[in-house]
Amino acid sequence: MSTHDVPETFSIPVGPLHVALEEPMYFKIDVKGETVSHIDINAGHAHRGIEYLTTKRTMYQNVVLTERICSLCSNSHPQTFAMAAEKIAGIEVPERGIYLRTVADEMKRVTSHLFNVALLVHLVGYETYFMHMMQVREIGQDMLESIFGNRQDIGAMCIGGVRYDLDDKSIAYIKGALDKIEAETKDIIKTFKTNGSILRRTKGVGVLTHADAITCGVVGPVARASGIDYDVRREAPYAAYDRLPLVVHSLTDGDVWSRAMVRLEEILTSIDLLRVCLRDLPGGPVNINDRPDIPPGQAVTRSEAPRGEVIYYLRTNDTPQPERVKWRVPTFMNWDSLRFMLQDAKVADVAMIVNSIDPCLSCTER
Amino acid sequence: MNFLTIFARNLKQGPQTEAFPLGPAFTPDRLRGRIEFKAESCEGCRICERVCPANAIRFAKTPDGMTFDCWHNTCVFCGNCEFYCPTDAIHQTNDWDLSHVNADKFDMVEHGLIPNQTCVDCGATALNTAPMVKNAKPPLSAEEYTELRARCPKCRAKYLKNRKVPA
Ligand code: SF4
Ligand code: SF4
Chain D
0 MSTHDVPETF SIPVGPLHVA LEEPMYFKID VKGETVSHID INAGHAHRGI EYLTTKRTMY
60 QNVVLTERIC SLCSNSHPQT FAMAAEKIAG IEVPERGIYL RTVADEMKRV TSHLFNVALL
120 VHLVGYETYF MHMMQVREIG QDMLESIFGN RQDIGAMCIG GVRYDLDDKS IAYIKGALDK
180 IEAETKDIIK TFKTNGSILR RTKGVGVLTH ADAITCGVVG PVARASGIDY DVRREAPYAA
240 YDRLPLVVHS LTDGDVWSRA MVRLEEILTS IDLLRVCLRD LPGGPVNIND RPDIPPGQAV
300 TRSEAPRGEV IYYLRTNDTP QPERVKWRVP TFMNWDSLRF MLQDAKVADV AMIVNSIDPC
360 LSCTER
Chain S
0 MNFLTIFARN LKQGPQTEAF PLGPAFTPDR LRGRIEFKAE SCEGCRICER VCPANAIRFA
60 KTPDGMTFDC WHNTCVFCGN CEFYCPTDAI HQTNDWDLSH VNADKFDMVE HGLIPNQTCV
120 DCGATALNTA PMVKNAKPPL SAEEYTELRA RCPKCRAKYL KNRKVPA
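So the protein lines, in turn, are chains D and S.
Once you know that position 90 of the first sequence is 89 in numbering that gives the first Met the number 0, the rest is easy, because the numbers rise by one and skip nothing.
Once you know that position 42 of the second sequence is 41 in numbering that gives the first Met the number 0, the rest is easy, because the numbers rise by one and skip nothing.
So here's chain D without its partners, still in its complex pose (with noise of 0.2 Å):
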C-alpha cells in the first residue's frame, strides 16, 4: 500500500477487557497517528444489580450489603446508608462512635489513595517503584486487618455506632504504623517532585482545566487538583470533621500528576487526622446497642468517601426492608471529565489518565 491510501484517522478499542484498564469500561478511540482525536465511552458491562437487592434485605442487612458495592470505599457507603437510616430514625451516635467512625474513614483513605498512586506509577512504567508502594500500602493493609478482622470490608459501621473499639494496645499500633506509613509517604511525595521518568509521564497529560472541571461537575481529588476546592468533610461535616483540623489539598493544573499529588498529601492529612482522633477519643459507648425499627420516612446523606462526594437516598416504609436506596457515586460525576481529558492526549498515556480518575465501575454500574 503507497502512503497515500492510507487513511488519515483510526479507530481503536480500549476495554472493556483490556490489559492496561484496571476496570471493565469499553473505549473507542479514533487516533489520528498516535494521538487521539475522539473517544465514545461506553459503560455497563457489571451490572450487578444491587440497588434493586437491598430492597430484599432488611436495614440491617444491608449494613453488610452497601459495604460489599466497593473494595476501596468499602466503608463510606455503609457509614453513608446507616447516616440515612439514623437521620430518619432520629438515632444519635454516641461521641465515642462519631470518632471511631472518622478513625475508619481516614484508614480507608489512605490505603484506598495509596493504591491508585501505586497503579499510576505502574502505568508509568516504574515497576520496582509500584512495588515498593504496594508495600508501603501492606503496611495500612495489615493495620485494617488487625484492628477490623478484615482488608477490605472491614464492617466497622453499624447503624447506631460503629462495631468495633479500640483499647491502648490497639492504638499505640496503630500510631506505630501511622508513623511508619508517614515517613514512606513524604519519601514517594519527595520522589513524585523530583523523579524524571515520573514527572515526564505524568505533567501536563490529562488535563482538566478548572473551567471544564465545572461543566462536568467533578467530585473528590479530580476536582481538587482542577483547582475546585470542595471537600464534603468541611462543607457538610459528618462524623468528627467538625472538630478536627481539616486541611483542604487543591492544586490548579488539573494534569494526572496535580491528581496524584493532591492523593498523596490528603494521605499525610489522614494521618494528621487520625493522631488527632486517638488523642481525643473520648470514652463511653461505641454505639447505641439497640437494633431499633427504622420508621418511614426518606432522607439523603452524603460523605466524603477517598473518590470523592457519595450520596445515599433512602426511603423506609413500614416493613424491615427499605423501599428503595439510591446512591451517587464518584466515578459517575468524574468520568465523564475523560473526555476532555483524552482529547489530543497520547494513545499510550490513555489507560494511566483512565486511572486517574480513580475509576471504581463496580460501585458506578452496581
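Because the hints were derived from the structure by calculation, they are not lab data.
No residue lacks a Cβ here, since even glycine has one placed at the ideal position from N, Cα and C.
A hint or two may mislead.
[As the list claims (entries may be wrong)] Which stretches of chain S does chain D cover? Using the computed rule of at least three CB atoms under 8 Å from a CB of chain D, they are:
| no. | stretch |
| --- | --- |
| 1 | 14-27 |
| 2 | 39-51 |
| 3 | 66-79 |
[Said to hold, decoys possible] Pairs of lysine-lysine, DSS-like flavour, derived with a Cα cap of 30 Å:
| no. | chain 1 | residue 1 | chain 2 | residue 2 |
| --- | --- | --- | --- | --- |
| 4 | D | K168 | S | K133 |
| 5 | S | K11 | D | K168 |
| 6 | S | K37 | S | K104 |
| 7 | D | K168 | S | K37 |
| 8 | D | K179 | S | K11 |
| 9 | D | K174 | D | K185 |
| 10 | D | K86 | D | K325 |
| 11 | S | K11 | D | K185 |
| 12 | S | K11 | D | K189 |
| 13 | D | K55 | S | K104 |
| 14 | D | K55 | D | K325 |
| 15 | D | K174 | D | K192 |
| 16 | D | K192 | D | K202 |
| 17 | S | K11 | D | K174 |
[Claimed, not checked] Taking beta-carbon pairs under 10 Å as the criterion, some of the chain D residues facing chain S (in silico):
| no. | residue |
| --- | --- |
| 18 | L64 |
| 19 | E144 |
| 20 | Y163 |
Mind docking chain S with the ligands on chain D? Use the hints.
Relative to chain D, chain S with the ligands alone:
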C-alpha cells in the same frame, strides 16, 4: 529515602511475601474467619439468623431439639451474627483456612443442637436454651441459673416473677 537505601533495607529484610503454605501466614487475633457456635450459651432468639445478610444461618426444629447450621460457603464473614448475638454463642474465630476439595463442599457447615428437655415444674418438652437474664436484677446466682435453665419458658417466667428480690 533514596533507592540505594531502600535496596539495602530490602536486602536485609528479605522477601516481604509470606512463606505460606511452607510457613505460617500473618493472622491477627481479630481476624474475622470461620464461625463457631456454642449451643450451650445460645438463647434461641434467632437474631443471628435474621441479621445474616447472606442467609447462611438456618435454625430448624427437629424431634431432638433445634438445630443450628451455618454454611461456611455461603457466609461472607461480615460478623453481623456475632455483633447482634446477645450472648457469646456465635463467634468468629480467626481461622481463615477454609480451602477444601470439592467433594467436601456440603460438609463446610458449623452444626449445633439445642436439645430438648423436660421442664422440672410442668413436665412439658421445651428447648434447653440459655435463659435470657442479662437484665435480671440482682444478677442470678449460679444455682438460680441452673434451676431456671431446667424449666420451660412459661415456668421460667413464673420462676423469675416469684424470685425473692431483696429490697
Ligand atoms: S446464636 Fe446468639 S443470636 Fe443466634 S439464636 Fe443463639 S443467642 Fe440468639
Ligand atoms: S458472619 Fe455474616 S454472613 Fe456469616 S453467618 Fe454471620 S452474619 Fe451470616
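- Against which earlier hints does the structure fall short, listed by number upward? none
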